[in-house]
Amino acid sequence: MSRLRLYTAIYVVLFVLATVQAWVESAGYLDEAYWWAFAGIMVLSFAKAVVVAGYYQHLRWEPRSVSYLMVGGLFVALALTTAAAYSIL
Amino acid sequence: MSHDHDHGHDFPPTSSVKRWFLTTNHKDVGILYLVTALFFLLLGGALAMLMRAQLWSPGANILSGGAYNQAVSAHGLIMVFWFISPFAFGFANYIVPLQIGADDLAFPRLNALSYWLYLFSGLLFVASFFQGATFNGGWTMYAPLNVPTYMPNVGGTTVVLALIMFVAAVTLGSVNFLTTMYRMRAEGLRMRDLPIFSMSILLTVWMMLFAFAALLAALMILASDHLIGTTYFTSDGGSLLWTHMFWFFGHPEVYIVFFPGLGIMAECFQTFTGRRLVGRKWFVLSMVLVALQSFVVWMHHMFLTGINLQIKTLFMVTTIGISLPFDLMVFSLIYTMIKGRIRFTTPFLFSLGALILFIIGGITGVFLGAVVLDYEFRGTYWVVAHFHYVMVAGATALFAGLYYWYPKITGRMYDEFLGKLHFVTYFVGFNLLYFPMFSAWETPRRVFEYQVGLAFWHKLATVGGFLLGASFLIMFYNMFKSLTAGEEVGDNPWDYATSAEWAVASPPPLENFPGIPSYAGGKLSFRDEPEPTADGGGDPVADTAAGAAADGGPATDGGTTAAAETATGSGVADPGMVATGGEAGVVTATHEADSGHADHASIWPFVVGLAGFLAFLGLSGVDEGGVYYPLTAIGGLLVMFGFVGMARQPFSAPEPAIAERWPFEGVENMKLGMWIFLGSDIVLFGGFIGSYLFLRVANGWHHWEHELIPAAHVTFPGLVNTYLLLTSSFAVVLALVASHRNSKRGVVAALVATWVLGVGFLINKAQEWLHLFHIHSDAFPNGWEIGTNVASSTFYLTTGLHGAHVIVGLIMLLYMIPRAIKGAYLDGDDEMLEYFGLYWHFVDIVWLFLFPLFYIV
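Respectively, the protein sequence lines represent chains A and B.
Counting along the first sequence from 1, when you hit position 44 you're at 44 in this note's numbering, and nothing is skipped either side.
Counting along the second sequence from 1, when you hit position 713 you're at 713 in this note's numbering, and nothing is skipped either side.
Next comes chain A alone, as it looks inside the complex:
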């Protein structure tokens, strides 16, 4: 598959996944099983982010150290968010 066809396929997948996220809400899954639906929606967001970073930002073709840098930033953000939220549960 040429790069252009790959990029186009990725665009279609991203478009569909965004639609699926909205559909999860409109189909009432948030009312039926909120936290499962929440987890599914967030997993889809992470999946989309990984694909955009990996292919559109070409992270897949950069040295692995660049990916570690970005994962480091993500880890810092998640550490703050989860530990802070847990501290008041």
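Bear in mind the hints are in silico, worked out from the structure with no lab data behind them.
A couple of the hints might just be wrong.
Stated by the list, open to error - Among the chain B residues that face chain A by a calculated CB cut under 8 angstroms, a handful are:
(1) His-244
(2) Phe-295
(3) Gly-666
(4) Met-670
(5) Ile-682
(6) Gly-690
(7) Leu-693
(8) Val-697
(9) Gly-700
(10) Thr-722
(11) Tyr-723
(12) Val-733
(13) Gly-837
Because the structure is a prediction, the values reported are computed rather than measured.
Just so it is clear, CB atoms sit at the ideal spot from N, CA and C, and this is done for glycine as well.
Given chain A, work out where chain B should sit, using these hints.
Below, chain B alone, put in the same frame as chain A:
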């Protein structure tokens, strides 16, 4: 000074005032940092004197209560932000490129911009004193005291904006140093063999990159509470949110402040004991460990808040844990003294003093890491004494650095007697100031009066404070006098100093080295400039063995080769301590040479810094109207003018022809800089999203969606914007594909499509916002505006920040589209498209999380 000429470029000598406004050279910028930081030391010190005068007796009336609060707050903020770290970065600017074998930092104009943003942010702080009153809520700026309800003066807002400007300077500096240190090291210089000061700066900038991004998020939210009426820090959980965000930054900040000093201590211990640091590898690993651990200890500052016991216990454990690597470092330094032969020069005395202060500060800090003891000590002078012992330990080491590198920077030696006199008065003064506070620990912090029974200790402290202040008169006299009267020095006035800055003249020439520095042979040598070859690479030929220092070949201070071990095995090192050469798997790139000469002058960083000052000063008072409106407008326009000027100015900062680039080979400087910036931006958005999630938990997760958000806030506009942004990302990808196919029409069409889709995103968002502003329902009869409740505040501010990123991208496109029409970005010249793509896709990725969080769940 000898580094006056720019190889025919229009670059004034150092005796010209114009030079200091234009310069982008790392050594000049380093000097600017040092001088400016010392100015802020005097300002912060004067405020401290006022406080100590007030505390001479329990009921003294020298300052009013409000003035005392301002003095305490401004003293803390100025010393922590505008003195200690910038002072350290004066040395980092001057010394790190020399130690790693680079001609300059990777982005010299960005480096100058960092400095001017730093200077003008400090002047903005100074301006706040003249706006009724400056910030008066303590240096930790706790909520809700930090919001306008409790701090109505414009000056309070100005300080928040000054801090934002300062953080911008820090972030640019972090990106610059990281890119430089990973991409511009001399051949054969492995990361692990970086001289210990450079290693400390490397770890410092890593911590800065992430920690200051979290602070930036907190400050932007605070500025928004001040200026546009969001309600983050006055809502349920708002106070706790501030403490989380501040201390998530604040604890790494302790090490950000201390690490450069630690690096200088280690340098001085090595030089003045003549002994390589004992256990150097473990010392470095300990520093790495502390840098990582520093992000998981912040809640020990919050033991007295309402966080749960489980998390307090966990953070007590992590806090005790972080003291362990420090133990190892302290023992390493002590053992280096034992194994070496000490020469009690002024830099060594300050280094030793720093170690002693740090040990006292560290031990007294462990008390505060224990939950039950912290219940007793929190908010008392125990804390004041403890953190001054830690912070000033770092500053003491920085003064060691000032004496240590003074001959390198000025070419002349300071007066040794006056240096030692400074140390004695400084050390006695400091301990007389702070040690009595452990006895008077029951004094409440930040309060201008205290129990009568504690007066003796406070009088001692005040005497010590003035003695400490007086000691700087000796230092400044010594520095000024020695500039002209000091004995001239050669390349290296210190026996056993081995890092590369001592291999060049004092002061070094403008472009640092007489050839291309290389450690490939095991110690520093200089190669000829590469001859261009057919494939664009170089063919460097070893030329001059350095040996420039009289006492042997300069080297890094790392390395564990047999030669080095032999050299140090006898207890006192042979001066010729050497570094190892190349590392298996490390690639020496030779294909990115730019034959052009480096430029060293640009006025635009100064223009942008000045413009930022005017814009923020105007912004501070927009609620007041009057002169503040035109000030904001003029400043804003000047900022844009400055950036356009910078973009249009031809400025050459060539990447080195030969350099060690592990682990970022093949990622050119600009691209790596962009990636590092995005790493920091992740934390910035993480701070905003984390704030939203925290407040939603604090207010009740489902209560939030049922009670605080109107029914009119629906998924559809968010979904449309997701489609628009995804499509625009795809359009940027198409632009790159068209560039590879040399299709000018394709590039232009794709960029225009990106711009149109981005504008569409903003229009859709504006329509949605206007609709929500003007809804009329039973729950929200007056619309759902920014300050309606905490949910609306988080929604508008977070998506607004994202929208601002979109606007920045659209402005970039407005610059790029005309260039594309003129035929740019073709024939392999696609870097700018790729860099823009990195940014735009990142904005897209952020939206991929904002969409579900703010529109679906």
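Any CB of chain A closer than 8 angstroms to the CB of Ile-682(B)? 4 angstroms, holds
Just to be careful: measuring from the Cβ of Val-733(B) to every Cβ in chain A, is the smallest value less than 8 angstroms? Holds - the Cβ of Val-733(B) comes within 8 angstroms of chain A, reaching about 5 angstroms at its closest.
Per-residue hint verdict: Gly-837(B), partner chain A, C-beta under 8 angstroms: Since chain A brings a Cβ to about 7 angstroms from Gly-837(B), closer than 8 angstroms, the hint holds.
Given Tyr-723(B) was flagged as interface, is its beta-carbon under 8 angstroms from a beta-carbon of chain A? 7 angstroms, holds
Answer holds if the nearest beta-carbon of chain A is closer than 8 angstroms to that of Gly-666(B); otherwise answer violated. 6 angstroms, holds
Answer holds if the nearest beta-carbon of chain A is closer than 8 angstroms to that of Thr-722(B); otherwise answer violated. With Cβ-Cβ at 5 angstroms, under 8 angstroms, it holds.
Given Leu-693(B) as an interface hint, is its Cβ closer than 8 angstroms to any Cβ of chain A? 6 angstroms, holds
Quick check on the hint: Gly-700(B) CB to chain A CB, less than 8 angstroms? 11 angstroms, violated
Let's test the interface hint: is any C-beta of chain A closer than 8 angstroms to that of Gly-690(B)? Cβ of Gly-690(B) sits 4 angstroms from chain A, so the hint holds.
Does His-244(B) meet its interface restraint, that is, does its C-beta lie within less than 8 angstroms of any C-beta in chain A? 4 angstroms, holds
Hint validation: Phe-295(B) versus chain A, beta carbon distance must be below 8 angstroms. Holds or violated? 6 angstroms, holds
Closest C-beta approach of Met-670(B) to chain A relative to 8 angstroms, hint status: 14 angstroms, violated
When each numbered hint is compared with the structure, violations occur for hints 4 and 9.
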